[in-house]
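Visitor: Please arrange chain B on chain A, whose structure you already have, making use of the hints.
2 protein chains.
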Amino acid sequence: MSIGTLFIVSAPSGAGKTSLVTALRESLEGFTVSVSHTTRTQRPGEVHGRDYFFVDHAEFERMIAADGFLEHARVFDNYYGTARTTVETALSEGQDVLLEIDWQGARQIRSLMPDSISIFILPPSRRTLEERLKARGQDDPDTIARRMRDAISEMSHYSEYDYLVVNDDFDRAVAELRSIVIASRLRTRRQFEACKDLIAGLLA
Amino acid sequence: MSIGTLFIVSAPSGAGKTSLVTALRESLEGFTVSVSHTTRTQRPGEVHGRDYFFVDHAEFERMIAADGFLEHARVFDNYYGTARTTVETALSEGQDVLLEIDWQGARQIRSLMPDSISIFILPPSRRTLEERLKARGQDDPDTIARRMRDAISEMSHYSEYDYLVVNDDFDRAVAELRSIVIASRLRTRRQFEACKDLIAGLLA
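Going down the list, the protein sequences come from chains A and B. The opening residue of the first sequence carries number 1 in the UniProt record's numbering; numbering runs sequentially from there. The opening residue of the second sequence carries number 1 in the UniProt record's numbering; numbering runs sequentially from there.
I should point out that these hints are in silico values taken from the structure, not numbers from a laboratory. Hints are not guaranteed to be accurate.
It does not matter which identical chain is used: a pair holds within one copy or between any two.
[Claimed, not checked] Straight line, CA to CA, 30 Å or less: simulated DSSO-like cross-link-like pairs of lysine-lysine:
| # | residue 1 | residue 2 |
| --- | --- | --- |
| 1 | Lys134 | Lys17 |
| 2 | Lys196 | Lys134 |
| 3 | Lys196 | Lys17 |
If we strip away everything but chain A, and leave its shape as in the complex, we get (with noise of 0.2 Å):
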């Protein structure tokens, strides 16, 4: 039975995250994206079990005593998580697994995981940055401004991941990003497993 590989993928808001790793996932076999549970609402559109699992904080922190994440952070007043038993059956069952988490999950994945490949996103330039943050239709200046303290807060945690893809070009970005996939699955020591009757059969 082969292993598959967790990926870590973090990007600022506003950088074409979720839409790059939706166009990865369509692209790719073999690949499952984690669900994070998270306390925060549910909005218009999101779906239980798809875009998050919706819990309350009784709930997260009960999971939390029972060691039941490989990482959770508090971002303002919600927890966001993921759950240790679904990303280790996937990997188990030869599964790459993707997770988009922010850099402070990504440490902590690091530490427990260290065989995992991190990816930061990063947009274009400062300008469509901050035209797709204005975009999410709250004007409101106070929280442009939140959004981008934390858009670059976030992106100045890139040198600690392993590859780097900025997301000019969408359909170069996928193929970058399926390029890191499919390198990671010519590792020997991955190989080693699929390749094992061939090499048995060559050396033989």
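Guide: Below, chain B alone, put in the same frame as chain A:
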């Protein structure tokens, strides 16, 4: 000035390495295939400076004495080696450089250049390998048996390499090599140079 990556590609005779590397080079910019020096006899169709630099034993040994090789080896009665200056100049100009060498050369390069990326190419089956070794127009059974022993000896070192590519479907194998090279260009320490201005603007 960005710094290129050194790729080491090894394979047994009959794995299709040279055709793969030619196709890879044609499909990617910024990529140099290093031409080795050798003392072996030039074969019909081979071009000095394209396939090899053909030199005599005295010249080769003079270069060894002058520390002119990144790696060199004696195979049967002939020397093969990679000249230091060619590689170092291309890398410092930001070119990726690909070396086609055997496992002994790969070991020498790895110890000198630990950031190099090594790839081993396997043929798709024992039967294909045998057919390709026979198809070289030298049907003397002893020669074929010796080539087979050499191939198995070379393949026994596959686990020392970072990546393992199986040349089963030619186009897929080329795409896999491309993915390894593209992913290497997305590594954060490499992108840091390429994206310096973007990052400065985003974090300002």
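Visitor: Provide an ascending list of the numbers of those earlier hints which the structure does not satisfy.
Guide: none
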